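Trainee: So you can see what is in the structure, the chains are spelled out below.
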Amino acid sequence: KNQVEQSPQSLIILEGKNCTLQCNYTVSPFSNLRWYKQDTGRGPVSLTIMTFSENTKSNGRYTATLDADTKQSSLHITASQLSDSASYICVVSGPGGTSYGKLTFGQGTILTVHP
Amino acid sequence: GAVVSQHPSWVICKSGTSVKIECRSLDFQATTMFWYRQFPKQSLMLMATSNEGSKATYEQGVEKDKFLINHASLTLSTLTVTSAHPEDSSFYICSARRTPNRDNTEAFFGQGTRLTVV
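Top to bottom, those sequences are chains F and G. This note's numbering puts the first residue of the first sequence at 1, with every later residue one more than the last. This note's numbering puts the first residue of the second sequence at 1, with every later residue one more than the last.
One thing to keep in mind: the hints can contain errors.
Said to hold, decoys possible - Here are the simulated lysine-lysine pairs, BS3-like style, with alpha carbons at most 25 Å apart:
no., chain 1, residue 1, chain 2, residue 2
1, G, K20, G, K66
2, G, K66, F, K102
3, F, K71, F, K102
4, F, K57, F, K102
5, F, K102, G, K41
6, F, K57, F, K17
7, G, K20, G, K64
8, F, K71, F, K57
9, G, K55, F, K102
10, G, K14, G, K55
11, G, K20, G, K55
12, G, K64, F, K102
Said to hold, decoys possible - Simulated coverage check for chain F against chain G, where a stretch passes if three residues somewhere in it have a Cβ under 8 Å from a Cβ of chain G:
no., stretch
13, 37–51
14, 102–109
Please keep in mind that the hints were generated in silico from the structure rather than gathered at the bench. Predicted model, so just to flag it, every value in this text is computed and none were measured. Glycine is no exception: its CB is placed at the ideal position from the N, C-alpha and C atoms.
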């Protein structure tokens with residue numbers, strides 16, 4: 001069964017600190033991996049998307065890494081801000097062929113940044 | 001980035017009534033849109049794939065007669081929750097992809113609709 005597991009389930013850090021969120025997946029075959037940020041009561045917003053051949057991708061203070069051999073990804077947040085408080089969701093897409101690749105969602109990591 | 005808009009953002013309805021949720025792609029055409037459901041502290045669960053001009057494809061366990069999907073144009077899909085019950089209370093989210101047949105196409109999500117059935 002294709003799965004996406006995220007850790008930790010929740011995380012509390014102080015403003016200005018860095019943190020790293022983890023994502024392990026068993027989706028196979030694999031097309032791409034995405035990280036989304038979801039604020040409470042809002043829809044997910046894309047942070048990064050990486051294909052099989054990409055090892056790292058940055059978007060401002062967010063840096064995602066991907067190891068397709070071990071099927072692991074991480075999202076590193078630098079110099080956290082209060083507005084970073086949200087749920088971060090790892091989403092893995094299988095190849096779709098003639099249709100869209102099916103997205104498998106992780107359960108998310110709830111990040112809380114305290115002043 | 002591309003914008004996907006959902007309406008309404010929240011709705012409260014009486015048990016037994018029907019509720020329609022709209023999903024619009026504002027600045028691109030979407031031949032395919034997706035409807036998700038999310039319970040508190042849980043991940044998004046795909047309910048159905050909405051295809052412009054044809055019938056929606058429902059995931060296993062989702063009642064197609066209860067969750068009616070219409071994708072009448074390249075920029076609009078609607079989800080109607082019929083004869084709503086309190087257990088239908090949830091956060092409903094739609095997403096759209098800009099180009100068909102490309103796996104790494106970005107998926108843009110609407111802001112979600114909070115449905116409360118009383």
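Trainee: Is the hinted pair K55 (chain G) and K102 (chain F) satisfied, with a Cα-Cα distance of at most 25 Å?
Mentor: holds (18 Å)
Trainee: Does the structure keep K64 (chain G) and K102 (chain F) at a Cα separation of 25 Å or less?
Mentor: holds (20 Å)
Trainee: Given the hinted pair K20 (chain G) and K55 (chain G), is their Cα-Cα distance within 25 Å?
Mentor: holds (17 Å)
Trainee: Assess, step by step, whether the Cα of K71 (chain F) is no farther than 25 Å from the Cα of K57 (chain F), and give holds or violated.
Mentor: holds (16 Å)
Trainee: Are at least 3 residues of the stretch 102–109 of chain F within less than 8 Å of chain G when you compare beta carbons?
Mentor: holds (count 6)
Trainee: So if I understand the rule, the pair passes when the alpha-carbon distance is 25 Å or less; does K20 (chain G) with K64 (chain G) pass?
Mentor: Distance of about 14 Å is within 25 Å: holds.
Trainee: Between K66 (chain G) and K102 (chain F), is the straight-line Cα distance small enough, at 25 Å or below?
Mentor: holds (23 Å)
Trainee: Take a quick look at whether K14 (chain G) and K55 (chain G) sit within 25 Å of each other, Cα to Cα.
Mentor: Violated: K14 (chain G) and K55 (chain G) sit about 28 Å apart, past 25 Å.
Trainee: Would you check the hint for K57 (chain F) and K17 (chain F), treating anything up to 25 Å between C-alpha atoms as holding?
Mentor: With Cα atoms ~20 Å apart, K57 (chain F) and K17 (chain F) stay inside 25 Å; holds.
Trainee: K71 (chain F) and K102 (chain F): Cα distance at most 25 Å?
Mentor: This hinted pair holds, its Cα atoms lying about 17 Å apart.
Trainee: Can you confirm whether the C-alpha distance between K57 (chain F) and K102 (chain F) stays at or below 25 Å?
Mentor: holds (22 Å)
Trainee: Verify the proposed pairing of K20 (chain G) with K66 (chain G), using a straight-line Cα cut of 25 Å.
Mentor: holds (12 Å)
Of the numbered hints listed earlier, the single one contradicted by the structure is hint 10.
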